[in-house]
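A.B. asks: Working from the sequences, and respecting the hints, build out all of it.
Residue numbers (our numbering), protein chains in the order written: chain A, 1 to 260; chain B, 1 to 260; chain C, 1 to 260; chain D, 1 to 260.
All clues stand as given, with none of them false.
What the simulated footprint calls covered on chain A by chain B, stretch by stretch (three residues with Cβ under 8 angstroms from a Cβ of chain B suffice, anywhere in the stretch; the number is not a length):
hint: 1; segment: 157-165
hint: 2; segment: 185-199
hint: 3; segment: 207-213
hint: 4; segment: 243-250
One side of the interface only, derived from the structure: several residues of chain A facing chain D at Cβ under 10 angstroms:
hint: 5; residue: V18
hint: 6; residue: E151
hint: 7; residue: R221
hint: 8; residue: G257
These are calculated hints, taken from the structure and not from any lab test. Beta carbons are placed, not taken as given, at the ideal position from N, Cα and C, and that holds for glycine.
Protein chains: 4
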Amino acid sequence: MRDVAAERDERGITIRRVGVRDIHLPVRVREKSGGHARVVGTFDASVELAHYQRGTHMSRFVEILSRWSKKDVGSAEIREMLHEISTRFQARAAELRLSFKYFLTKPAPVTRIPSDLDYDCWFAGRLQEGTYEFTLGTTVPITTLCPCSKEISRHGAHSQRAHLRVSLRQREGRIIWIEDLVPLLEAQGSSALFPVLKRSDEQHVTEAAFANPKFVEDVVRDAVLALRGLDGVVRYTVECESFESIHNHNAYAYTEGEAG
Amino acid sequence: MRDVAAERDERGITIRRVGVRDIHLPVRVREKSGGHARVVGTFDASVELAHYQRGTHMSRFVEILSRWSKKDVGSAEIREMLHEISTRFQARAAELRLSFKYFLTKPAPVTRIPSDLDYDCWFAGRLQEGTYEFTLGTTVPITTLCPCSKEISRHGAHSQRAHLRVSLRQREGRIIWIEDLVPLLEAQGSSALFPVLKRSDEQHVTEAAFANPKFVEDVVRDAVLALRGLDGVVRYTVECESFESIHNHNAYAYTEGEAG
Amino acid sequence: MRDVAAERDERGITIRRVGVRDIHLPVRVREKSGGHARVVGTFDASVELAHYQRGTHMSRFVEILSRWSKKDVGSAEIREMLHEISTRFQARAAELRLSFKYFLTKPAPVTRIPSDLDYDCWFAGRLQEGTYEFTLGTTVPITTLCPCSKEISRHGAHSQRAHLRVSLRQREGRIIWIEDLVPLLEAQGSSALFPVLKRSDEQHVTEAAFANPKFVEDVVRDAVLALRGLDGVVRYTVECESFESIHNHNAYAYTEGEAG
Amino acid sequence: MRDVAAERDERGITIRRVGVRDIHLPVRVREKSGGHARVVGTFDASVELAHYQRGTHMSRFVEILSRWSKKDVGSAEIREMLHEISTRFQARAAELRLSFKYFLTKPAPVTRIPSDLDYDCWFAGRLQEGTYEFTLGTTVPITTLCPCSKEISRHGAHSQRAHLRVSLRQREGRIIWIEDLVPLLEAQGSSALFPVLKRSDEQHVTEAAFANPKFVEDVVRDAVLALRGLDGVVRYTVECESFESIHNHNAYAYTEGEAG
Chain A
1 MRDVAAERDE RGITIRRVGV RDIHLPVRVR EKSGGHARVV GTFDASVELA HYQRGTHMSR
61 FVEILSRWSK KDVGSAEIRE MLHEISTRFQ ARAAELRLSF KYFLTKPAPV TRIPSDLDYD
121 CWFAGRLQEG TYEFTLGTTV PITTLCPCSK EISRHGAHSQ RAHLRVSLRQ REGRIIWIED
181 LVPLLEAQGS SALFPVLKRS DEQHVTEAAF ANPKFVEDVV RDAVLALRGL DGVVRYTVEC
241 ESFESIHNHN AYAYTEGEAG
Chain B
1 MRDVAAERDE RGITIRRVGV RDIHLPVRVR EKSGGHARVV GTFDASVELA HYQRGTHMSR
61 FVEILSRWSK KDVGSAEIRE MLHEISTRFQ ARAAELRLSF KYFLTKPAPV TRIPSDLDYD
121 CWFAGRLQEG TYEFTLGTTV PITTLCPCSK EISRHGAHSQ RAHLRVSLRQ REGRIIWIED
181 LVPLLEAQGS SALFPVLKRS DEQHVTEAAF ANPKFVEDVV RDAVLALRGL DGVVRYTVEC
241 ESFESIHNHN AYAYTEGEAG
Chain C
1 MRDVAAERDE RGITIRRVGV RDIHLPVRVR EKSGGHARVV GTFDASVELA HYQRGTHMSR
61 FVEILSRWSK KDVGSAEIRE MLHEISTRFQ ARAAELRLSF KYFLTKPAPV TRIPSDLDYD
121 CWFAGRLQEG TYEFTLGTTV PITTLCPCSK EISRHGAHSQ RAHLRVSLRQ REGRIIWIED
181 LVPLLEAQGS SALFPVLKRS DEQHVTEAAF ANPKFVEDVV RDAVLALRGL DGVVRYTVEC
241 ESFESIHNHN AYAYTEGEAG
Chain D
1 MRDVAAERDE RGITIRRVGV RDIHLPVRVR EKSGGHARVV GTFDASVELA HYQRGTHMSR
61 FVEILSRWSK KDVGSAEIRE MLHEISTRFQ ARAAELRLSF KYFLTKPAPV TRIPSDLDYD
121 CWFAGRLQEG TYEFTLGTTV PITTLCPCSK EISRHGAHSQ RAHLRVSLRQ REGRIIWIED
181 LVPLLEAQGS SALFPVLKRS DEQHVTEAAF ANPKFVEDVV RDAVLALRGL DGVVRYTVEC
241 ESFESIHNHN AYAYTEGEAG
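C.D. replies: If you want it as structure tokens, here you go:
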């Protein structure tokens, strides 16, 4: 059976990324506690394709990812997966992105009733000639309450749901846990969100947000200050998008930087 | 050239709807002022397929819709399109849905600075053996401010963006204009939304929302009361979905009814 | 603390559904084998709100759903959840929808290499004054290969990915398993899909699809015939949407019916 | 009225982008023919926020964009908008992205029946201290037919819809028209797509695709070769994502480069 993908290519063009996208698989993500969380993962995986190769064998990606979907996965395992991929494909560079919803149990602020909140998270890895880069990302929902609206109005201030999205490139060997990153980020909004809020809890979050008004600009700056205190961050991006309750469009702020 | 779709089918199953979905075309929607708005339309169109026909000729839908995309369209033209479709396909019943963003110019509440706000609207028609049903739908973004949060808190009250979605089946020959329906619905939230708000406007909408707290249940009931005053409505559905600023989930209420 | 939601309402309007939407929680779905699959569930839950009640207490939904997210869930448990909800809210009717990705392991057709494919599934329940309705839904990705294109062309025939979406209202006490429904539906396309296909597998699915051309109309009719053979179905809806490779729009067919 | 956003900030953090996102406005896009197309635009606009400023005045973005939504827009006007924004905000840098569906009329390949096909396009501009960068982007739907499947199978070959997404940074003063770019890209797939295809047209595209099998890797390389022939390109990105008809995931290839 002739293998068309294995033919020699004469166009002389190296392709940065060739691979598969939007593969859904069950995955076990390592928890800080030492166990694992069972999540539904969405994978993108690719290799660099040398100029002389016509194509990749896409089925190999799926075989490798399927095998890994039975094991616990964290930064070190993403590296192993990339090593396996680049070896199998004889590729100079390989990339992988795993996105998933991650649940953390949090107590309501007054009644302490526990419930699970979901956070969109992702692991992104790149391995090129032995150099490994790992990035952890998360989108944390928060409340923003508008400082301008509060200042100029006799009563009240508009508030809304907002997303604080952060990615952290990590120093190799250093692990930043989702369990630690999420509470740090939730503390940067006017208030955190909760699945269950009884009336005394709702009073608490309403008054807390009113006492702590923040523009998206404030959220981003305060998040940068908080991230600077984290050990092991090489590079960060921080974005806040606020689904304004008085507009049909969103306010946003984005910045990025190298950590000390 | 053999026509496979025109073959006789022996499975004995009539299919309710066979057609095309997600066709994008420029469309001119009739305005109340007598002119037309140029919008980008998304069409779904279908016919009932008799049990003895194997298939439809899908290209005919696109030909008919393409021709109509050059003319002004309202309820009467949707009827003509359905008549043309059911005749061309020799079908007992035909359906069509046209979705589009529609813009209305609105002045800011204090400074009166005008700007355009977008509303997701749709026309849905069904023609069956000469009987025509036409439904107008729209999703109007509003602010909701929580009555419970206001009542129990010393300061402030959480607010958020919400969607008030309404569909109206209309009595034949009677036209309800988007231009009339949208302001009626915007008045049912705690406040309307605006693209441009200078500081004096922002003060106004903040204080107005605080003075007018509403649950999704209130918005739906008040919308039902308002719609009852509209002449020409045969049947309505009303839904409010509120993107709660203190939760990562939404509150919603839905009801439907026959008009007097 | 005054309870605004508990106040008497004078507008005289009963609301069909009041509740929460888009709550994400980990869920254990009962498997045919007797175990459970751990999935990420998205819940919508609502009750009918009597005309004299101003509002619901939304936090109760989340409390109830959170508790159930620790147990194995199937049709019988959805009934229990609805019973608990309608009792707690003193509501005449309650509804619940749980959507999730479900994975089934399938071997490649020739090499028999196993891999997991994901199917979007949902459970929908309604309990009204003791009468329970349960509906199982699934969207199964398939290949469609166009009979017309094959007939009129000297070589080849266009094919594409399509979605076959089915919902089944079930007779009480009778369970139709996803594990049984999905293979039945996959058999109605020109070919099933697979995560891993080596070259001999790819040859197989290519030739199988070419030998089995189907319009969306054919897929829907064949699915109806197949579903008629299932014991325990009260009512079905069947829809096929095909992402045509020669157009930028989709072909679709939809029908519904009562089972014998 | 105190202006909170105008206050001095002491956190010492410059924010790369602060602005508005997802504003919908009617826009007139310059056509190659000299006229304009009326489209529905989605704008993102931002400025760099100096470390000593607490916030921006978001309403100014909307005022400026609203004014421009009445004029014909192309690369030169995006520069003017950015100049107006950076002046009004006294910002070192400003960015703007305008996304829209653009329609081109194309005749069916044999019958020559004309119909309009929609292409997702975007203009992205950045102005920093007088230096202007303008990028044109488009996503062109095409058919890919798998070379491996054709080679190894006795009959047929799987095909599917795919997206070829290209962005081109342009040399200042040089205009590349969507009207020229789209046909160039459509020629790189196994076949182009069409809204209306009668049977003789469908035969043509089926046989053309079968005679011209391409992996996503081939599409990307051929697109790079084609773009090299375009005058005025400074930098390009090229991506092809193919919605495989035999899998529930996608194949993709991405590359980027500087033009000669």
